Amino acid sequence: MLGETLRERLHAFWLRVKGLAKRRELDRDPGDELKFHASMREKKLTDSGLSAEEARYTASRGFGNVTLIRETVREVRGFPLLESVAQDVRYALRQLRRRPGFAVAAILTRVLAIGVTTAVFSLVDEALFRPLPYPHGDRLVTVGTYWPTMTSATPRLHSNLSPHLRPA
Amino acid sequence: MGETGDLVQGTLDMLILKTLARGTFHGYAIAEAIHESSDDVLRVEEGALYPALHRLELRGLLASEWGTSENNRRAKYYRLTAAGRKVLDAELAHWKRMVAAIGRVIQTA
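Protein chains in written order, with this note's numbering: chain A, 1 to 168; chain B, 1001 to 1109.
Hint data in this document are derived by calculation from the structure and do not stem from the laboratory.
Label pairs and their computed distance ranges (CB to CB):
| hint | chain 1 | residue 1 | chain 2 | residue 2 | range |
| --- | --- | --- | --- | --- | --- |
| 1 | A | PHE13 | B | GLU1070 | 35 to 43 Å |
| 2 | A | VAL85 | B | LEU1092 | 40 to 48 Å |
| 3 | B | THR1011 | A | ARG24 | 31 to 39 Å |
| 4 | A | ASP47 | B | THR1011 | 23 to 31 Å |
| 5 | A | GLU53 | B | LEU1092 | 38 to 46 Å |
| 6 | B | GLY1023 | A | LEU10 | 23 to 31 Å |
| 7 | A | LEU93 | B | SER1037 | 49 to 57 Å |
| 8 | A | ARG97 | B | ASP1089 | 53 to 61 Å |
Heads up, incomplete: computed chain B residues facing chain A, CB under 7 Å, no partners named:
| hint | residue |
| --- | --- |
| 9 | GLY1027 |
| 10 | TYR1028 |
| 11 | TYR1050 |
| 12 | PRO1051 |
| 13 | HIS1054 |
| 14 | LEU1058 |
| 15 | ARG1059 |
| 16 | GLY1060 |
| 17 | ARG1073 |
| 18 | ALA1075 |
| 19 | LYS1076 |
Keep in mind it's a predicted model, so treat the numbers as computed, not measured.
A virtual CB, placed ideally from N, CA and C, is assigned to each residue, including glycine.
Using the sequences and the hints given, assemble the complete structure.
This is the structure we're talking about:
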C-alpha cells in the first residue's frame, strides 16, 4: 500500500467520524455502485453481440462480491470495533428484555457478588494491608514467648522469659 | 485480478490515481481505462477495485460525488484531490526507480 502520512491518517479519522453518522447511506451505496457497474458491463456485452440473458448472467457474476465489498467499505468507514461492540450490547439488551426473570436473577447475582467482594476487600484492606492508624504504625510489634513444646500459635507475654519479638 | 498476474495493492492504487489524473470517472470507467491502456493485459475486478477506491478516498487522495451517467443511471464519480496528485507523483517516481533498478539486475544476469 502507498505510504501514509499523518495528514492522511487525520483525514481518514475524520471521515470515519462522519461515517458514523451516515451509516445507512454507506451501507446502501456500495450496492448501488456495483449495480451500476454490472449494468454497464451488461450493456457492453450486449453491444458486442451476446444475448440479453447471457449478458445479464455474466454481468451479475460480479454481484457475489457485494457483501464482501460492503464489508470492506464498512471497515473503511466508521469504527468497526466500536460498532461491533455496540451491536453486541444492543443484542444483549434485546435478549434481556425478552426474559425479564432471567435478567433480574443475573443482575442480582452479579450485584451481590460484587457487593460482597468489595465489602470484604475493604475490610481486609483496612485491617491487614494498610499500616495501623497509629503513629509509626509499621513499628508496632506483638511481644510473645516461644514455647517449643506448645502447639498453640498464640504468643503469651511473660516477663521472666526471654521474649521473641514478632512484628504486628 | 489480471490475466497474466496479480497486481500488488499499491500498484493498483497507483494505476487508479494515474487514471483519475486524466479526469473524473466512475468505477466502471476506471476499470475499463486500465484494461484498455494496458492493451487488455490488466483486468481489474470489482472485488479489488471498489475497496481500493474507498480506501483511497478515506485517505483523502480522492473525492467522490454521486451523479448521473451517460445512460441516465445513478453512479459515483471519483476525482483526484491535490493530495492525491502529490502522492501520485511520488509513487510514479518511485515506480520508475524500481523498474529501472530491477531492469539493471536482470540485465547483468
